Structure formats: structure tokens, C-alpha cells
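There are 2 protein chains.
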Amino acid sequence: MTVRYEELVNVFIEKLMKKGVDEKEAAICATLMAQNSLDGVYSHGVNRFARVIDYIDKGYIDPKARPEKIAAIGSFERWDGKLALGPNNAAKAMDRAIEIAREQGIGIVAIRNTNHWMRGGSYGWQAVDNGMIGICWTNTMPNMPAWGAKDNRIGNNPFVLAVPRENGEHVVVDTAMSQFSYGKLEMMALENKELPVYGGYDEEGKLSRDPGSIFKTRRVLPIGFWKGSGLSILLDLIASILSDGNCVSDVGTKKAEYGLSQVLIAIDPKCGKDSYNSALVERIIESVTSSIPSEEGHEVRYPGQNSIRTRRKNLENGIPVVDSIWERILSL
Amino acid sequence: MTVRYEELVNVFIEKLMKKGVDEKEAAICATLMAQNSLDGVYSHGVNRFARVIDYIDKGYIDPKARPEKIAAIGSFERWDGKLALGPNNAAKAMDRAIEIAREQGIGIVAIRNTNHWMRGGSYGWQAVDNGMIGICWTNTMPNMPAWGAKDNRIGNNPFVLAVPRENGEHVVVDTAMSQFSYGKLEMMALENKELPVYGGYDEEGKLSRDPGSIFKTRRVLPIGFWKGSGLSILLDLIASILSDGNCVSDVGTKKAEYGLSQVLIAIDPKCGKDSYNSALVERIIESVTSSIPSEEGHEVRYPGQNSIRTRRKNLENGIPVVDSIWERILSL
Numbered sequence: 001m002t003v004r005y006e007e008l009v010n011v012f013i014e015k016l017m018k019k020g021v022d023e024k025e026a027a028i029c030a031t032l033m034a035q036n037s038l039d040g041v042y043s044h045g046v047n048r049f050a051r052v053i054d055y056i057d058k059g060y061i062d063p064k065a066r067p068e069k070i071a072a073i074g075s076f077e078r079w080d081g082k083l084a085l086g087p088n089n090a091a092k093a094m095d096r097a098i099e100i101a102r103e104q105g106i107g108i109v110a111i112r113n114t115n116h117w118m119r120g121g122s123y124g125w126q127a128v129d130n131g132m133i134g135i136c137w138t139n140t141m142p143n144m145p146a147w148g149a150k151d152n153r154i155g156n157n158p159f160v161l162a163v164p165r166e167n168g169e170h171v172v173v174d175t176a177m178s179q180f181s182y183g184k185l186e187m188m189a190l191e192n193k194e195l196p197v198y199g200g201y202d203e204e205g206k207l208s209r210d211p212g213s214i215f216k217t218r219r220v221l222p223i224g225f226w227k228g229s230g231l232s233i234l235l236d237l238i239a240s241i242l243s244d245g246n247c248v249s250d251v252g253t254k255k256a257e258y259g260l261s262q263v264l265i266a267i268d269p270k271c272g273k274d275s276y277n278s279a280l281v282e283r284i285i286e287s288v289t290s291s292i293p294s295e296e297g298h299e300v301r302y303p304g305q306n307s308i309r310t311r312r313k314n315l316e317n318g319i320p321v322v323d324s325i326w327e328r329i330l331s332l
Numbered sequence: 001m002t003v004r005y006e007e008l009v010n011v012f013i014e015k016l017m018k019k020g021v022d023e024k025e026a027a028i029c030a031t032l033m034a035q036n037s038l039d040g041v042y043s044h045g046v047n048r049f050a051r052v053i054d055y056i057d058k059g060y061i062d063p064k065a066r067p068e069k070i071a072a073i074g075s076f077e078r079w080d081g082k083l084a085l086g087p088n089n090a091a092k093a094m095d096r097a098i099e100i101a102r103e104q105g106i107g108i109v110a111i112r113n114t115n116h117w118m119r120g121g122s123y124g125w126q127a128v129d130n131g132m133i134g135i136c137w138t139n140t141m142p143n144m145p146a147w148g149a150k151d152n153r154i155g156n157n158p159f160v161l162a163v164p165r166e167n168g169e170h171v172v173v174d175t176a177m178s179q180f181s182y183g184k185l186e187m188m189a190l191e192n193k194e195l196p197v198y199g200g201y202d203e204e205g206k207l208s209r210d211p212g213s214i215f216k217t218r219r220v221l222p223i224g225f226w227k228g229s230g231l232s233i234l235l236d237l238i239a240s241i242l243s244d245g246n247c248v249s250d251v252g253t254k255k256a257e258y259g260l261s262q263v264l265i266a267i268d269p270k271c272g273k274d275s276y277n278s279a280l281v282e283r284i285i286e287s288v289t290s291s292i293p294s295e296e297g298h299e300v301r302y303p304g305q306n307s308i309r310t311r312r313k314n315l316e317n318g319i320p321v322v323d324s325i326w327e328r329i330l331s332l
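Heads up: the protein sequence lines correspond to chains A and B, in order.
Using this note's numbering, the letters of the first sequence correspond one by one to residues 1 to 332.
Using this note's numbering, the letters of the second sequence correspond one by one to residues 1 to 332.
Simulated from the structure, these hints should not be mistaken for lab results.
Don't take every hint at face value.
Identical copies carry no separate label here, and so any pair may be met within one copy or between two of them.
Below, a list of computed lysine-lysine pairs in the BS3-like style, where the Cα atoms sit at most 25 Å apart [said to hold, decoys possible]: (1) 150 - 254; (2) 184 - 216; (3) 193 - 206; (4) 24 - 273; (5) 193 - 58; (6) 254 - 193; (7) 69 - 273; (8) 82 - 150; (9) 273 - 19; (10) 19 - 58; (11) 82 - 273; (12) 273 - 206; (13) 193 - 216; (14) 193 - 69; (15) 255 - 313; (16) 64 - 254; (17) 58 - 24.
As the structure is a prediction and not an experimental result, all values here were calculated from the model.
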């Protein structure tokens, strides 16, 4: 079935308010989660909404909490997220980073004790919609082995880079440090499909494209093997030190993935001038998208291009939703 | 043969001064390049020195130039590198970023018209040696196809993240967005070795571990396939916009790789307090290095650990140098 974007937002607001979230905060969270499904990131929109409600019930998310500034110097603020709703905390932190960047050229907010921000790309889009360059990342629970290891000690720590375009069709990359998410592995396994590239190790310790085997061993592969492993470790170090919050292994001692550490950075590309070189952005996009395709008839896309297409399609036709998941949400 | 670190520095200084670099600047460049070989990054130390001299001869590097600030707001400065020596420009830009971060919590310098910085990790080490978190990257010439493309339109754009440890054995990741460098491919091909993982595509358009074939097609693989491709594009966009400098495709129109754009960021982990949570850093390192190794007897390392070991060994035993390369340098 399909659901209109506005209906998604309204249902999410209603369900959040039923759990004690006030209307304004419910609207922020509902809008961000509905936008994720709108842009095609269903895993962090409709498909994850019931879990957010469940985490409120379990006390992992505090529906009444608000983030608080706990330290600051110049262009850098440290916040305590007080276990409030993750998307709300991240959006407020990025808002503040943007505000600082307007004055200081760059602004950074590191936030601890926060919750899953759903789609990291949202806060990249938020920065670029305000004419800023956005850089942000989060740590996660331990869900990946470090390079050369068997057990899961590092996070997939999604990392986001975003650059504004004047036409609003911004360039955004939103990438976990794992080659595939567990959600993707599960879906591909259910569909009996092979992964397009190696995604992890099978039961015999061999590199594998079988999503089912990897799902079982939980030995997922970092992007670039040793390289993504190193990046993941550093992203965790920086997020937890700057926020003085939980690191990945701290999160691993909890009953669920909550109390995370995040970094949100905004940079004003104008550097004190009236404008920035937006022609340069177009030149780079043009250069990439006019590459010779590796297979005839294929196109070479820039990061974010697909989100915009899906957004348009889903606005027009409604957002595809799995019937049972939608019924579950309506019953909450 | 081996050469002592101090001798390397002195020979480099002498050769740079012969080309018109003044003593102070020669010492900065010589020290950075000698340190690269000391830490085991021979490709960007001894092995690249003759090319730096050649680029001075060809006018790509201006031995007398100094970088200039051309725009600024708050914690963000834009510099013109004036085609001065790359390592000197990058070190000065990071120095300034650190200075800003001491006052403002975070400092960023974007520099255009600069030159190859040799090992990006150097400027990460510089930040952490000053108690700062370091984040920096550079763009490069086009040397990698975007995901789904055949021809080289994006750069491998090395990206560096660095976190200080109180014992000085800092955590530094320095990673290009390509899985392997051309230097590595060439070396492995000469040694008739297979790559440990896929490194690119062969002549038939198939993923390959044969360094020789990949070296021929120049279709090297981004880390994480589509993911590293996206990261590379965004790193180029941000570096060139913030510095208002050349993007990767602009560099591709030149006769050689010069006139690059770089970003250097320093963040003070103390956030206005007297200290930062250094125990957290140790906890993360301990958690990673105590992982269960994938193969018995192997160890799981943290990023930067190897550099420190090689540094100690090379300080004690001298730096391994290829005879012919050393003779070439002495003859310059």
C-alpha cells in the first residue's frame, strides 16, 4: 500500500503525543521520520517507528527531556542530550552549529547521551538547506569487528558530508563504515539474493557474498577492509571525547542502543564574503556525471541524486509502506 | 642500505637550499619528508624527494613563495598557498588552525593553490602533538573512476583523523579513498604478488586482485565501492569550495599534480575545561586491541600503532633506503 507524506506525519505526531511527547517536539520527530521514508530510506522512517515508541516505553528514550549545553568555548559547544528523542536532539544540535557558523564561519556541537538519529543524512540536508556545508557523525553499538578481529568491538558509525547547490538538489553522502547494514543483509537473505560485493565472513571464516551466512556470523565487513575499520575507531574516539560521552564499547554494555555520542559541524562556504563559488559545485557534478559509464546505458550519479528522485516520486504517488508495519503503527 | 634520520634531514635541507628555498623553509620541508620515511611511509619521504626538486625545476612549486590569508570570518580562514612547498603550506595552515582552536575551540584553514602535502598523516600528528584533535584532507589529480564509471574523474583525496593520547602514542588514521595506491600496485606487480583484496578492474572489466592488470586499466577501486566514491566527491567539493580553489577536474587539466585544495581542522577536546577525558581514549584502544583475533597469534592493532613501532626501529637502526634512489638524491 502507499501512504501520503502528510498522513505519515500526522499519524507519527499522534502516536508520539500519546507517549507524552509534546506537540512541537512530536512534530519535529514525526517530520524527520516521515521525510526518511519520503526519500526512500524506509528502514529509518516507517519501518523503525514502532521501535522508537517501544524505546520510550522501556525508558531508553525520555519523551519529556530536552538537551542542555554543558560546556562551551568560542565556536564549540558540548551538549547533554538527556536521552531525549534522537532526531530532535540532532536537529537542534545542527541548528545551533549553523547559528554559530553564521557568526564564526564554522560551528560544532558535540552531544552525548543522545539517541539514534535515524537517518544521518537528515542533518546534512538541514545544513545545506541553510546554505551551509554539513559534516556529522554518530557512534553506535558495537556491530562490526575491527580489522583482523572476530568479535564486534567497533561501530558502523554513520558519517555524513553535505554540500549545498543553489537549485536545492544538494549533494549529500551518508555512509556507515560497514559495507552493508544488517537490515540490508536480512532483506537480501529473505529474497534469496547474493550481495553485489563481499559483505562479510561466512561460518568458515571466508569472505562471503551470502547475506544469510554473514547475518549469522555477524562478521560484517568495514568499507575498504582495514581502512573503514580505522575510520570507525577514530569517529568513535572523536565523538565520545568531544561530547565526553559514551564510546561504542560503553554503549555495548547497555540493554539496547541508546545514550549515543554525536558530532554536528556546519561551515559557511562564503568565508565572510557575499557568496561562494557555486559554479565550482556544478563543475564537479558535471565532471562526475559525464563520466564514461562502465556499462553501456548506465548513468553515473552524484551522491544524493537518488534521494531527490525518490522524494519526487513518493510525493506524487504516496510512500510505499508494508501493510503489516502500517497496521502495527496504527495500533500503537 | 640505511641512512640515519639526521643525515636525511641534512641532505634534504642542502638540496632544497640549492634550489632557492631559504634555510628555515628548507628545514620544515626536510624534517616532514624525513619523518615520513622514519615512520615507514617511504613513498612520501625519500622515494618522492627527487620529484619535489623536479617540480621546483619545472615551476610547479615556487621555492620562494609563502601562503597568504585571503579571507576570514571568526574561526575560519581561507588561504592562498601561492604554489609554495606543499608540506610547508599544510604545516603552517594546521599551525594556524591549532592557534584558532586554542581560542575558539575549533579552527579551520582551507588552502588553495597548494602542493602535494606528501603524507597527510603528518598534519594529524601535528595536531595531536599539540593536544588537539586533527581532521584534514586534500584533493588530488583525477586518479580513480567514480562508481559506475570507467574513466578517472575523481581523486583518491587522502583523509586524516587524529586523536591525542597522553603518552604521545597517538591514534592517527590516514587513508586515501582508493583501496590501493598506484605505488602499491606497482610494487606488488614488480614482486609478482596478488593483492590481498580486490583493488580494481582488469582489462575485461572484472574485479581483480592482479596489480599489473589494474595498473594498466587504471580502474582502481574506491574503498567500499560506491561509498568511497561518494566520499571522494564530497571531500573534493568541500576542499575546493572552502578554499575557492581547484577541484579534482581542474587539477586534471594541468601538466602535473599541483595547485591543490586542502582543509585543515583542529579541535580542542577540552571544550573550555582544564582537561579532557583521556581515560576514554585508553578505554577505546583497549577495547579494540583486546578483540579476539581472526587468526590465532595475530594481534588487532589501533590506527597509528605501526607508525610508532617503525619510527622506533628506524631511529635505532637507521632508515632503509634504496641505494639507487639515495644516489640520485645525492647527485641533485
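Status of residue 206 relative to residue 273 across identical chains (alpha carbons, at most 25 Å): Neither way: residue 273 and residue 206 sit 54 Å apart in one copy and 48 Å across, limit 25 Å.
Intra/inter-copy verdict for residue 24 and residue 273 if alpha-carbon distance must be at most 25 Å: Classified as neither; 35 Å inside a copy, 34 Å across copies.
Within, between, both or neither: residue 193, residue 216 at alpha-carbon 25 Å: within (16 Å within a copy, 33 Å between copies)
Intra/inter-copy verdict for residue 255 and residue 313 if alpha-carbon distance must be at most 25 Å: Neither: 39 Å inside a copy, 45 Å across copies.
Within, between, both or neither, where residue 184 and residue 216 count as close if Cα-Cα is 25 Å or less: For residue 184 and residue 216, only the intra-copy Cα distance (14 Å) is at most 25 Å; the inter-copy one is 34 Å.
Intra/inter-copy verdict for residue 82 and residue 273 if alpha-carbon distance must be at most 25 Å: between (38 Å within a copy, 20 Å between copies)
Alpha-carbon proximity between residue 193 and residue 206, which holds within one copy, between copies, both or neither at 25 Å: Close inside one copy (18 Å) and across copies (20 Å); limit 25 Å.
Intra- versus inter-subunit Cα pairing at 25 Å for residue 58 with residue 24: Within one copy only: 22 Å inside a chain, 63 Å across chains, cut-off 25 Å.
Within, between, both or neither, where residue 69 and residue 273 count as close if Cα-Cα is 25 Å or less: Only across copies: residue 69 and residue 273 sit 14 Å apart there, 30 Å inside one copy, limit 25 Å.
Intra- versus inter-subunit Cα pairing at 25 Å for residue 64 with residue 254: This pair counts as within: shortest intra-copy Cα distance 21 Å, inter-copy 58 Å.
Homomeric proximity label, residue 254 with residue 193: Cα distance no greater than 25 Å: neither (33 Å within a copy, 45 Å between copies)
25 Å Cα threshold - placement of residue 19 relative to residue 273: neither (47 Å within a copy, 37 Å between copies)
Against the hints set out earlier in the document, violations occur for numbers 4, 5, 6, 8, 9, 12, 14 and 15.
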